[in-house]
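Visitor: These are the residues of each chain, in order.
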Amino acid sequence: AQKVTQAQTEISVVEKEDVTLDCVYETRDTTYYLFWYKQPPSGELVFLIRRNSFDEQNEISGRYSWNFQKSTSSFNFTITASQVVDSAVYFCALTLLYGGSQGNLIFGKGTKLSVKP
Amino acid sequence: GAGVSQSPSNKVTEKGKDVELRCDPISGHTALYWYRQRLGQGLEFLIYFQGNSAPDKSGLPSDRFSAERTGESVSTLTIQRTQQEDSAVYLCASSTVSGTETQYFGPGTRLLVL
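Heads up: the protein sequence lines correspond to chains A and B, in order.
So in this note's numbering, spot 9 of the first sequence is number 9, and the numbers just go up one at a time.
So in this note's numbering, spot 53 of the second sequence is number 53, and the numbers just go up one at a time.
Errors might be hidden in some of the hints.
With a straight-line cut-off of 16 Å between C-alpha atoms, the simulated EDC-like cross-links for lysine to aspartate or glutamate are [what the hints assert, rightly or not]:
#	chain 1	residue 1	chain 2	residue 2
1	A	Lys16	A	Asp86
2	A	Lys3	B	Asp63
3	B	Lys17	B	Asp56
4	A	Lys70	A	Glu15
5	A	Lys116	A	Glu15
6	A	Lys109	B	Glu44
FYI, nobody ran anything at the bench for these hints, they're computed from the structure.
As the structure is a prediction and not an experimental result, all values here were calculated from the model.
Based on the provided sequences and hints, a complete structural model is requested.
Guide: The structure is reproduced here in structure tokens:
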């Protein structure tokens with residue numbers, strides 16, 4: 001069975017600090033996709049990144065960066081120089097290309113990030 | 001283009017009543033998904049429609065839950081004989097052809113069962 005674990009339930013930082021949100025996943029499949037979504041207080045999920053299991057290149061987008069390591073089954077997300085607007089719940093999710101969970105996203109429980117001014 | 005829309009945005013109902021939740025996917029998206037998010041929790045998959053294929057209903061928690069989709073357009077999620085534990089935010093998402101493509105979410109319907 002597939003599983004996504006976000007061990008950090010809540011993180012609180014002060015503005016301009018860097019913060020890393022951890023995501024560990026479990027699957028026996030070799031072809032899968034990983035995602036990060038942001039859920040601000042308004043409630044709507046905002047897509048951040050999609051990464052397939054064959055692409056281990058790290059990615060940077062502005063203040064956001066992602067570190068994908070298949071060896072440790074982790075897909076961690078770092079926000080550099082955090083801002084108050086980054087305050088939200090962040091979800092990591094997994095979907096398979098084949099198999100019983102194909103199509104639906106398997107979500108972690110989320111990490112609530114609070115950035116204080 | 002418009003994103004995924006859902007209606008109503010909020011619904012308060014009494015235990016035992018039926019409710020219908022509606023989702024309008026992004027135009028051209030053939031895949032549509034329903035998820036449930038209980039307070040403070042992650043999202044639970046409910047059902048997945050892909051084009052004209054039989055839907056994947058593996059996530060529906062009981063036979064009180066059902067969903068329909070007409071072609072590649074609107075979907076309705078119906079909860080019969082609602083229970084208090086059905087209180088949650090029901091989120092709809094859509095994506096292009098493949099199930100592994102990025103899912104774009106609607107704003108959700110907040111359901112409260114009294």
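Visitor: Hint by hint, say whether it matches the structure.
Guide: Consistency of the hints with the structure:
no. : hint                  : in the structure
1   : A:Lys16 with A:Asp86  : 11 Å, holds
2   : A:Lys3 with B:Asp63   : 25 Å, violated
3   : B:Lys17 with B:Asp56  : 26 Å, violated
4   : A:Lys70 with A:Glu15  : 31 Å, violated
5   : A:Lys116 with A:Glu15 : 6 Å, holds
6   : A:Lys109 with B:Glu44 : 10 Å, holds
Checked against the numbered hints given earlier, this structure breaks hints 2, 3, 4; the rest are met.
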